[in-house]
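Participant: Build the full structure now, drawing on both the sequences and the hints.
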Amino acid sequence: MIEIKKETENNYLVISVIGEADASSSIHLDKAIREALDEGHMQMLVDCTNLNYISSAGLGVFMSYIEEISEKSINFILFGLSEKVLKVFGILGLDQLLKIENDKEQAVSALNGI
Amino acid sequence: MSLKIQFTPKFYMRSSVTMAIIIWVIATLIRILEILATKSGVDLEISKYLPILLQDLFYVFILVYYRHKIRLVESGGFVDLLWRVFAIGLVTTVISISIRLFYESIAGSMLAENEFLNTFLYNLNRALISVFLISTFTVWKKLILYQKSRNLVIYWNIFELALLCSIFFNLTELNLQQSLLFKILFGALAIMAIILSGNLKWVAYLNFKQKWKSVLIILLITIYIFYFFSYLYVAPDEALEAFNAIDDLFVIVLFTFLLFYSIFSLLVILFNLPTSSVFEKKMEEAINFQRLSQSIQQGESEDQIFDVLLNSSMNAVYADAGWIEVNMDDEDTKIRSKHISRENINKVKEQIMISKNRTVIKNPLAPNSDSDRVLINLRKSTYKSAFVVPLTIKNEVKGFMYLLNEVSDSFNKEMINIINTFASQVSVSIENFRLMGEALLNERYKEELNIAKSVQRALLPKELDHDSAFSIHAFTEAAAEVGGDYYDTFQLSEHRFAIVIGDVSGKGTSAAFHMSQMKGIFQSLVQLDLSAEEFLINANTALSKCLERTSFITLTYFIIDTEQKVLEFSRAGHCPTLFYSKEEKKAKYFENKGLGLGIIRNSTYKNFIQVNRVNFSKDDILVLYTDGISEASNAKHEEFGYERMKSLLDQNAHYDPPMIQKVFISKLYEFCGGKDLNDDYTMVVIKFN
Numbered sequence: 001m002i003e004i005k006k007e008t009e010n011n012y013l014v015i016s017v018i019g020e021a022d023a024s025s026s027i028h029l030d031k032a033i034r035e036a037l038d039e040g041h042m043q044m045l046v047d048c049t050n051l052n053y054i055s056s057a058g059l060g061v062f063m064s065y066i067e068e069i070s071e072k073s074i075n076f077i078l079f080g081l082s083e084k085v086l087k088v089f090g091i092l093g094l095d096q097l098l099k100i101e102n103d104k105e106q107a108v109s110a111l112n113g114i
Numbered sequence: 001m002s003l004k005i006q007f008t009p010k011f012y013m014r015s016s017v018t019m020a021i022i023i024w025v026i027a028t029l030i031r032i033l034e035i036l037a038t039k040s041g042v043d044l045e046i047s048k049y050l051p052i053l054l055q056d057l058f059y060v061f062i063l064v065y066y067r068h069k070i071r072l073v074e075s076g077g078f079v080d081l082l083w084r085v086f087a088i089g090l091v092t093t094v095i096s097i098s099i100r101l102f103y104e105s106i107a108g109s110m111l112a113e114n115e116f117l118n119t120f121l122y123n124l125n126r127a128l129i130s131v132f133l134i135s136t137f138t139v140w141k142k143l144i145l146y147q148k149s150r151n152l153v154i155y156w157n158i159f160e161l162a163l164l165c166s167i168f169f170n171l172t173e174l175n176l177q178q179s180l181l182f183k184i185l186f187g188a189l190a191i192m193a194i195i196l197s198g199n200l201k202w203v204a205y206l207n208f209k210q211k212w213k214s215v216l217i218i219l220l221i222t223i224y225i226f227y228f229f230s231y232l233y234v235a236p237d238e239a240l241e242a243f244n245a246i247d248d249l250f251v252i253v254l255f256t257f258l259l260f261y262s263i264f265s266l267l268v269i270l271f272n273l274p275t276s277s278v279f280e281k282k283m284e285e286a287i288n289f290q291r292l293s294q295s296i297q298q299g300e301s302e303d304q305i306f307d308v309l310l311n312s313s314m315n316a317v318y319a320d321a322g323w324i325e326v327n328m329d330d331e332d333t334k335i336r337s338k339h340i341s342r343e344n345i346n347k348v349k350e351q352i353m354i355s356k357n358r359t360v361i362k363n364p365l366a367p368n369s370d371s372d373r374v375l376i377n378l379r380k381s382t383y384k385s386a387f388v389v390p391l392t393i394k395n396e397v398k399g400f401m402y403l404l405n406e407v408s409d410s411f412n413k414e415m416i417n418i419i420n421t422f423a424s425q426v427s428v429s430i431e432n433f434r435l436m437g438e439a440l441l442n443e444r445y446k447e448e449l450n451i452a453k454s455v456q457r458a459l460l461p462k463e464l465d466h467d468s469a470f471s472i473h474a475f476t477e478a479a480a481e482v483g484g485d486y487y488d489t490f491q492l493s494e495h496r497f498a499i500v501i502g503d504v505s506g507k508g509t510s511a512a513f514h515m516s517q518m519k520g521i522f523q524s525l526v527q528l529d530l531s532a533e534e535f536l537i538n539a540n541t542a543l544s545k546c547l548e549r550t551s552f553i554t555l556t557y558f559i560i561d562t563e564q565k566v567l568e569f570s571r572a573g574h575c576p577t578l579f580y581s582k583e584e585k586k587a588k589y590f591e592n593k594g595l596g597l598g599i600i601r602n603s604t605y606k607n608f609i610q611v612n613r614v615n616f617s618k619d620d621i622l623v624l625y626t627d628g629i630s631e632a633s634n635a636k637h638e639e640f641g642y643e644r645m646k647s648l649l650d651q652n653a654h655y656d657p658p659m660i661q662k663v664f665i666s667k668l669y670e671f672c673g674g675k676d677l678n679d680d681y682t683m684v685v686i687k688f689n
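Protein sequence lines, in the order shown, are assigned to chains A and B.
Residue numbers for the first sequence follow the working numbering, so the first one is 1 and each next one is one higher.
Residue numbers for the second sequence follow the working numbering, so the first one is 1 and each next one is one higher.
Worth flagging that the hints you see were computed from the coordinates, not collected in a lab.
In this text, a Cβ means the ideal position worked out from N, Cα and C, and glycines have one as well.
A hint or two may mislead.
[As the list claims (entries may be wrong)] Have a look at the derived ranges for each label pair, beta carbon to beta carbon: (1) 455/B - 67/A: 32 to 40 angstroms; (2) 541/B - 34/A: 24 to 32 angstroms; (3) 34/A - 360/B: 46 to 54 angstroms; (4) 34/A - 593/B: 48 to 56 angstroms; (5) 458/B - 67/A: 43 to 51 angstroms; (6) 109/A - 615/B: 43 to 51 angstroms; (7) 40/A - 458/B: 15 to 23 angstroms; (8) 443/B - 40/A: 48 to 56 angstroms.
Facilitator: Structure below.
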């Protein structure tokens with residue numbers, strides 16, 4: 001079960017991922033990110049505060065956009081990852097490729113800092 | 001040599017018929033001897049009861065014979081049974097008449113006065129008649145006891161027993177005309193016989209043709225009975241009123257019973273003739289109903305079941321024409337018609353649309369008005385009334401059946417009910433048919449998956465390469481039939497071994513395909529004897545070309561050098577390896593940098609991995625595993641977790657690899673409780689010696 005909310009705040013888009021990103025539900029996550037990229041957003045924050053679990057399929061979704069994000073120089077920042085989820089990102093090595101911040105405040109300042 | 005006797009019906013039949021014949025021969029001989037003795041004036045001193053007793057025993061054996069003989073007849077063949085009786089009667093009559101003709105031809109000659117011949121022929125005739133009477137009796141019994149109730153059986157048994165006793169009543173030498181006791185007994189048995197004759201349920205199961213046949217046969221049987229009666233008891237050239245002395249209670253009761261039952265059945269069949277068509281119709285409906293429910297199981301298609309439905313329905317309501325139009329699965333509408341052309345169908349449909357004279361019969365079980373049945377009277381058409389029945393499959397109206405009649409208001413309530421039953425049976429049949437199809441398909445998929453499972457099993461090594469310096473044990477289990485977990489070993493040189501553990505993202509079939517690619521890459525790259533780092537870089541390049549966009553593989557590649565006691569490894573995003581150091585008496589995870597294969601698909605990948613070297617000594621343990629184990633969760637959404645695994649290894653480090661694996665897996669199952677493991681899980685345990 002997953003719920004995805006998109007909200008534009010100031011100059012950036014916040015994508016909130018709520019629930020569990022497993023093999024079946026990560027399709028929705030993929031769709032949301034795809035749409036945001038297609039809409040031409042250059043600044044994106046992904047709110048993972050309420051992301052309880054992420055499976056390899058969910059990681060695969062984030063992974064598949066890494067190249068596109070760096071090519072288009074898009075600011076794509078994840079924040080609010082639980083310890084468990086962060087560890088999963090870390091083991092796979094995705095933390096080396098994605099910008100990850102503790103909370104929204106830090107994420108926003110990281111956006112503006114660049 | 002012992003004589004084995006098997007008491008089969010055949011044995012009883014054969015022995016009883018043999019006994020009957022022997023007895024008859026003896027009885028006849030005695031009578032002839034008596035005549036001879038009387039003529040010569042010699043007293044044979046044979047008891048006068050002996051011939052009577054022999055005659056009685058003859059009856060008994062014939063009764064036993066038919067009791068077993070008729071049992072062999074298949075039930076339901078009533079007309080066959082009647083034929084059998086008729087045939088015996090015919091033979092008896094022919095013999096009886098030919099004897100009579102023979103006497104007429106020799107009338108006045110010396111031979112006609114020959115007492116020996118007379119006695120012999122009379123005895124023969126009498127025996128044949130009693131055979132006919134007893135066989136008819138047995139057949140009548142079978143008919144009466146068709147669809148028997150407990151009370152009927154009891155009543156019949158009393159009657160039969162009384163009849164059996166009556167055989168021996170002639171030893172009293174009383175006769176009907178003179179004895180009151182004889183009269184009373186005869187009256188009582190006759191009344192029982194008449195009451196029993198009311199059981200004629202079998203008649204209802206004859207069809208029209210069979211009824212006619214039965215009437216004919218029973219009529220002839222009745223004539224036989226009259227003829228035989230007159231032969232035995234009516235003195236020639238005398239009026240019917242003046243009977244011979246009737247001294248045989250058994251025979252006279254038999255005559256009475258047979259006659260009554262024959263006349264009763266004759267009348268009942270005759271009265272049943274006009275209604276038999278209705279009964280047959282009902283039977284046909286029942287059979288049609290059965291056909292509807294069975295036809296699809298016999299491998300017929302759905303089209304055929306609609307044909308059966310249309311035919312059965314039209315027969316049931318005497319429709320002059322009809323058609324079914326169905327639209328299954330958004331295909332083109334299919335029309336199956338009978339006695340009506342396409343052109344006329346369209347005309348009638350038009351008429352049905354505009355007709356105002358319609359009665360809607362609500363379907364109480366269906367929520368929407370689609371499933372209402374409609375009765376319509378038409379005006380400007382050859383057909384004056386129409387009945388439209390919706391055909392529902394899985395609660396959806398998939399089509400309609402139209403039944404037409406040239407007479408107005410021709411569908412009565414009864415017919416409507418039958419059609420409804422037919423239509424709903426068709427729904428059930430088709431639903432079952434589809435479910436069956438789905439089940440078969442699933443069965444096939446399952447079979448395919450089982451093949452995939454065994455193929456994949458074969459991709460994992462049966463024998464793990466190792467030498468005396470370490471022991472190794474592996475365990476794997478997939479959540480689905482196939483999974484994405486992978487492990488493998490290879491002996492690089494005498495003291496060097498490559499060991500790999502990996503996990504493909506996702507689950508099931510797609511993961512299994514990627515796993516097999518990984519196996520191919522491992523087996524080819526490992527031959528090159530690369531460093532752990534080089535291996536991963538090459539594997540990443542190779543996989544970049546064949547993995548889907550969102551797929552990746554995590555892997556740890558180990559090179560164990562048992563001579564220098566060094567472990568070299570690189571981690572490609574795989575779960576950190578658990579290592580137990582005997583010296584420190586503590587387990588720990590190797591912390592190091594790494595990135596999953598296929599995440600970065602260019603040359604920068606090498607920046608994200610590193611090579612680690614660790615020295616090992618005796619009794620150190622390596623536990624390689626996949627995230628199915630570390631991330632397994634219980635009903636409370638708690639993870640099995642790294643800490644639990646670490647302490648498990650601390651506590652069980654003294655065991656050998658297979659035991660350590662068993663402890664881990666049993667603890668894992670215990671932790672998850674009844675919850676199904678929804679991921680693949682694999683473990684490889686290595687202990688250095």
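Participant: The structure should be examined with respect to each hint, and the outcome stated for every one.
Facilitator: Outcome of the hint check:
no.: 1; hint: 455/B - 67/A: 32 to 40 angstroms; verdict: holds, 33 angstroms
no.: 2; hint: 541/B - 34/A: 24 to 32 angstroms; verdict: holds, 27 angstroms
no.: 3; hint: 34/A - 360/B: 46 to 54 angstroms; verdict: holds, 52 angstroms
no.: 4; hint: 34/A - 593/B: 48 to 56 angstroms; verdict: violated, 30 angstroms
no.: 5; hint: 458/B - 67/A: 43 to 51 angstroms; verdict: violated, 36 angstroms
no.: 6; hint: 109/A - 615/B: 43 to 51 angstroms; verdict: holds, 45 angstroms
no.: 7; hint: 40/A - 458/B: 15 to 23 angstroms; verdict: violated, 50 angstroms
no.: 8; hint: 443/B - 40/A: 48 to 56 angstroms; verdict: holds, 50 angstroms
When held up to the earlier numbered hints, the structure conflicts with 4, 5 and 7 and fits the remainder.
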